[in-house]
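Colleague: Sequence:
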Amino acid sequence: MSNYGSTQWETYTFDITTAGTYWVSFVDFNSRDDNAMYDPLFFIGNTAGTVTSGGGDISGSTPITAAAVAAGSVSTVFDGGTLKAGAANLTMAQDFTVKSTGGTIDQNGLASTFSGDISNAAVNSPGFLNIKNTGSGGSVTLSGINTFTGTTTVETGATLVVNGLLSSPVIVNTGAALHGLGVINSPITVAGILAPGNSPGTLTTVGTVTMASGSTMSVDVDGLGTGDGAGNYDRLLITGTGNQFVIESGSTLSPVLRGITGSANNTFVPSLGDSFRIVTADGGISGRFDTILQPASGLLDGTRFYAFYNVAGSNSVDLRVIPTSWESYVYLHDGNENAQSAARVLDQLVAADSVSPVSSKQQALLYGAAGANAANLTGMTTALAGEVHGAMAAEVPLSSLALQSMVSDILGESPLCGEDKTTKRGVWFTATKNWDKRYGDDLASSFDADRNQYTVGGDLLLNKNARIGVGYSHVDADVDASHDSSGSATQNMGFVYGQFNLGGAVLESLVSLGSTNWKTSRPDPLGLSPESLDSEENGFDSMAGVTLRVPVTSKGLSVQPYASLVWVHSDRGSIEEDGASPAALSLPGYSMNGTRMMAGVALGSETRNPLAVPSTFHLNLGFGRDSSDLAHPQVDAELADIDMPILTPRVSQTFFQTKAGATMRLMKNGYCYANYAGQFRNGADSHGCEVGVRFEL
0 MSNYGSTQWE
10 TYTFDITTAG
20 TYWVSFVDFN
30 SRDDNAMYDP
40 LFFIGNTAGT
50 VTSGGGDISG
60 STPITAAAVA
70 AGSVSTVFDG
80 GTLKAGAANL
90 TMAQDFTVKS
100 TGGTIDQNGL
110 ASTFSGDISN
120 AAVNSPGFLN
130 IKNTGSGGSV
140 TLSGINTFTG
150 TTTVETGATL
160 VVNGLLSSPV
170 IVNTGAALHG
180 LGVINSPITV
190 AGILAPGNSP
200 GTLTTVGTVT
210 MASGSTMSVD
220 VDGLGTGDGA
230 GNYDRLLITG
240 TGNQFVIESG
250 STLSPVLRGI
260 TGSANNTFVP
270 SLGDSFRIVT
280 ADGGISGRFD
290 TILQPASGLL
300 DGTRFYAFYN
310 VAGSNSVDLR
320 VIPTSWESYV
330 YLHDGNENAQ
340 SAARVLDQLV
350 AADSVSPVSS
360 KQQALLYGAA
370 GANAANLTGM
380 TTALAGEVHG
390 AMAAEVPLSS
400 LALQSMVSDI
410 LGESPLCGED
420 KTTKRGVWFT
430 ATKNWDKRYG
440 DDLASSFDAD
450 RNQYTVGGDL
460 LLNKNARIGV
470 GYSHVDADVD
480 ASHDSSGSAT
490 QNMGFVYGQF
500 NLGGAVLESL
510 VSLGSTNWKT
520 SRPDPLGLSP
530 ESLDSEENGF
540 DSMAGVTLRV
550 PVTSKGLSVQ
560 PYASLVWVHS
570 DRGSIEEDGA
580 SPAALSLPGY
590 SMNGTRMMAG
600 VALGSETRNP
610 LAVPSTFHLN
620 LGFGRDSSDL
630 AHPQVDAELA
640 DIDMPILTPR
650 VSQTFFQTKA
660 GATMRLMKNG
670 YCYANYAGQF
680 RNGADSHGCE
690 VGVRFEL
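Counting in numbering that gives the first Met the number 0, the sequence shown runs from 0 upward without gaps.
By construction, these hints were calculated from the structure, which means they are not laboratory data.
Careful, some of the hints might be misleading.
Now the in silico label distances, taken between C-beta atoms and shown as ranges [claimed, not checked]:
1. 430 / 620: 55 to 65 Å
2. 620 / 483: 56 to 66 Å
3. 633 / 291: 58 to 68 Å
4. 473 / 351: 18 to 28 Å
5. 483 / 451: 45 to 55 Å
6. 240 / 539: 55 to 65 Å
7. 688 / 587: 35 to 45 Å
8. 562 / 355: 51 to 61 Å
9. 577 / 155: 33 to 43 Å
10. 467 / 360: 20 to 30 Å
Keeping only pairs whose Cα atoms sit at most 20 Å apart, straight-line, the calculated SDA-like set for lysine to any residue is [as the list claims (entries may be wrong)]:
11. 463 / 541
12. 658 / 692
13. 518 / 463
14. 658 / 591
15. 658 / 588
16. 554 / 600
17. 360 / 527
18. 667 / 616
19. 518 / 503
20. 423 / 611
21. 518 / 469
22. 423 / 462
23. 463 / 554
24. 432 / 473
25. 554 / 624
26. 518 / 692
27. 436 / 611
28. 518 / 588
29. 423 / 461
Every residue gets a Cβ at the ideal spot worked out from N, C-alpha and C, and that includes glycine.
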């Protein structure tokens, strides 16, 4: 150390221990940093590593007195110099001022804390600070009220922790980091690392935060809480009108579950559906992270973090835990093919969103689906599939088939004049109740349906060789499908029937035309809206069938071997489910053409004419086979504008059918009848009862 009178010059190590006047000028001539060689440098090097005095003038031209330093009556001033931590962590409680020439704090690989206030040295003369690191590791913590308004620049290798108030704009260079749970009242530009909180915690800013290309936002996740310390997660709160969170292309989001420093448990394992709102910005979110760097450990197998931006105008960035593959998860958890189809839609949306932002509707669907936990995820995807629409497609054609069977039974009990000269033209009415069930399998969930069918008909023409008649049938069908979804179909059909004597055989025919009103209703699968997802559309139905009978009498019984072929058509217009939920489906028009073939035998009383005897009985046994389109209807749909098929449970195309019934004569020209019908096949069964009356004219 060189001396000149009571003044010391060019000191390498500055340690206030004795009275006198001290100068700081051209310090550290042997500095390894050539850029700092002619700057004033205050090197802190006492054994405690802590300077607690409240005064001193760190300036190239202003003297410092030990008494003033001890008394804390002189403010410390940055005037282009560097304050450098020495051999141990540095704690400074005194206030500082910063001139327009600025100052530098060198953390030197140590943890330095400044709990005093740092302010501008002069009004309208913003001071600035640079935070640098000539060592390795460490940090600079500002925990006071820092009102200086020049820019704070965190240089490569340095770490700034703001736990108090900072009014300065902040620039975080590449390789630098910004932490803290304080408040920054100015914009922040990050080219390095932004890690809100103190592992973990919340950093608040009143200014736009810009994540520049190449930057990383590191988020500690130690639990679901939004406080500070163990059991919480990092958050960035940007307040003030117009203040945004701007994410430039090339930036990265890095959630951290293990190795969290500070107060943390480091044991938290997020579950599917867990949500973390890591950023909120009053002015909105602009841009998105190019990369989400998944944690190396801490996640459940088959899960990952996924980021959502400004969903439903929330002005936020949310992290949610989703499956790495929705389809694989649903498959492994016994989801049927319909559930897997909906899961594939979600996978497609994730893949598309990773390349370019999907539509707001698609993002809302993903966000809602991402809230499903492990217990309800498979059920949620099943509900997304809208299985009620497949159930409706399977149920509606059955009314036409039931009509054909019903009319065939009545004609079978009504001999032609050629067989019985007492036969006359008649009118009849039948009421039918049916219960249908399909059992769930790996394709689709089970559903139940019931039908009430009311049919009236009458003969227009009757002679010994032919009977021609017309009729009308009204049907109300109700469907109960999976996940509290339901449907209804109201059908009105007009028909023409015929019966023709072919000598030893009888040919019966039926043609019907009608309309159907299709309605469905189901709860929002995502639970986002209290409104149900409803649909209503009209359709057209037609049917044509022929039956060939060979009536014979054997051992006091009427025996009628028969064979029939029925063609049935069903269609409806396109559907848009009502409701604000992104889970609402769009369905194009539906059209189905199917056939049913049957063969069997009808056994009954020797006297077939119910008016000729007090009562008759009959038993019908037969086998049938439905075409694939009739047995296995498939409905096309769009979920969030992505194609998705809706299947019905797999059933056997071949079935066994039995009917049993009786008639009772009411009067000379009228009788009543009652029948039971059962149809059985692998995967489905149907039961029905009908009652009716017939009068001859």
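Colleague: Confirm or reject each hint.
Modeller: Hints, one by one, checked against the model:
For the pair residue 430 and residue 620, the supplied restraint of 55 to 65 Å is violated, since their beta-carbon distance comes to about 24 Å. In this structure the supplied range 56 to 66 Å is violated for residue 620 paired with residue 483, their Cβ-Cβ distance being about 39 Å. Under the hint 58 to 68 Å, the C-beta atoms of residue 633 and residue 291, about 37 Å apart, miss the expected range. Between residue 473 and residue 351, the C-beta spacing of about 47 Å breaks the proposed range 18 to 28 Å.
A hinted range of 45 to 55 Å is violated for the C-beta pair residue 483 and residue 451, which are about 22 Å apart. As the Cβ distance of residue 240 to residue 539 is approximately 57 Å, the hint placing it in 55 to 65 Å holds. The supplied range of 35 to 45 Å is met by residue 688 and residue 587, whose beta-carbon atoms lie about 37 Å from each other. Under the hint 51 to 61 Å, the C-beta atoms of residue 562 and residue 355, about 60 Å apart, fit the expected range.
Here the CB-CB span from residue 577 to residue 155 is close to 57 Å, at odds with the stated 33 to 43 Å. The hint said 20 to 30 Å for the Cβ distance between residue 467 and residue 360, and at roughly 55 Å that hint is violated. Restraint check for residue 463 and residue 541: the C-alpha separation of about 29 Å exceeds 20 Å, so the hint is violated. Restraint check: the Cα-Cα separation between residue 658 and residue 692 comes to about 18 Å, which is no more than 20 Å; the hinted pair holds.
The suggested pairing of residue 518 with residue 463 is violated, with an alpha-carbon distance near 46 Å, which exceeds 20 Å. Using a Cα cut-off of 20 Å, the hinted pair residue 658 and residue 591 is violated, with the two alpha carbons roughly 27 Å apart. At most 20 Å may separate the alpha-carbon atoms for a hinted pair to count; residue 658 and residue 588 exceed this at roughly 36 Å. Annotation: proposed proximity of residue 554 to residue 600 holds, straight-line Cα distance about 15 Å (limit 20 Å).
Between the alpha carbons of residue 360 and residue 527 the distance comes to roughly 13 Å, so the proposed pair stays at or under 20 Å and holds. Using a Cα cut-off of 20 Å, the hinted pair residue 667 and residue 616 holds, with the two alpha carbons roughly 18 Å apart. Our distance criterion of 20 Å between C-alpha atoms is broken by residue 518 and residue 503, whose separation comes to about 47 Å. Of the pairs offered as hints, the one joining residue 423 and residue 611 holds, with about 12 Å between alpha carbons and a cut-off of 20 Å not exceeded.
Our distance criterion of 20 Å between C-alpha atoms is broken by residue 518 and residue 469, whose separation comes to about 29 Å. Taking the CA atoms of residue 423 and residue 462, the gap is near 9 Å; set against the 20 Å cutoff, the hint holds. Pair hint residue 463 plus residue 554 does not hold up; C-alpha atoms about 26 Å apart against a cutoff of 20 Å. For a cut-off of 20 Å, the pair hint linking residue 432 to residue 473 stands: about 12 Å separates their Cα positions.
Between the alpha carbons of residue 554 and residue 624 the distance comes to roughly 31 Å, so the proposed pair goes past 20 Å and is violated. For the proposed pair residue 518 and residue 692, the alpha carbon gap of about 32 Å is over 20 Å, so the pair is violated. Note on residue 436 and residue 611: the hinted pairing is violated, with a Cα-Cα distance of about 39 Å set against a maximum of 20 Å. Using a Cα cut-off of 20 Å, the hinted pair residue 518 and residue 588 holds, with the two alpha carbons roughly 14 Å apart.
As the CA atoms of residue 423 and residue 461 are separated by approximately 7 Å, the hinted pair is consistent with the 20 Å bound.
Of the numbered hints given earlier, the model fails hints 1, 2, 3, 4, 5, 9, 10, 11, 13, 14, 15, 19, 21, 23, 25, 26, 27; all others are met.
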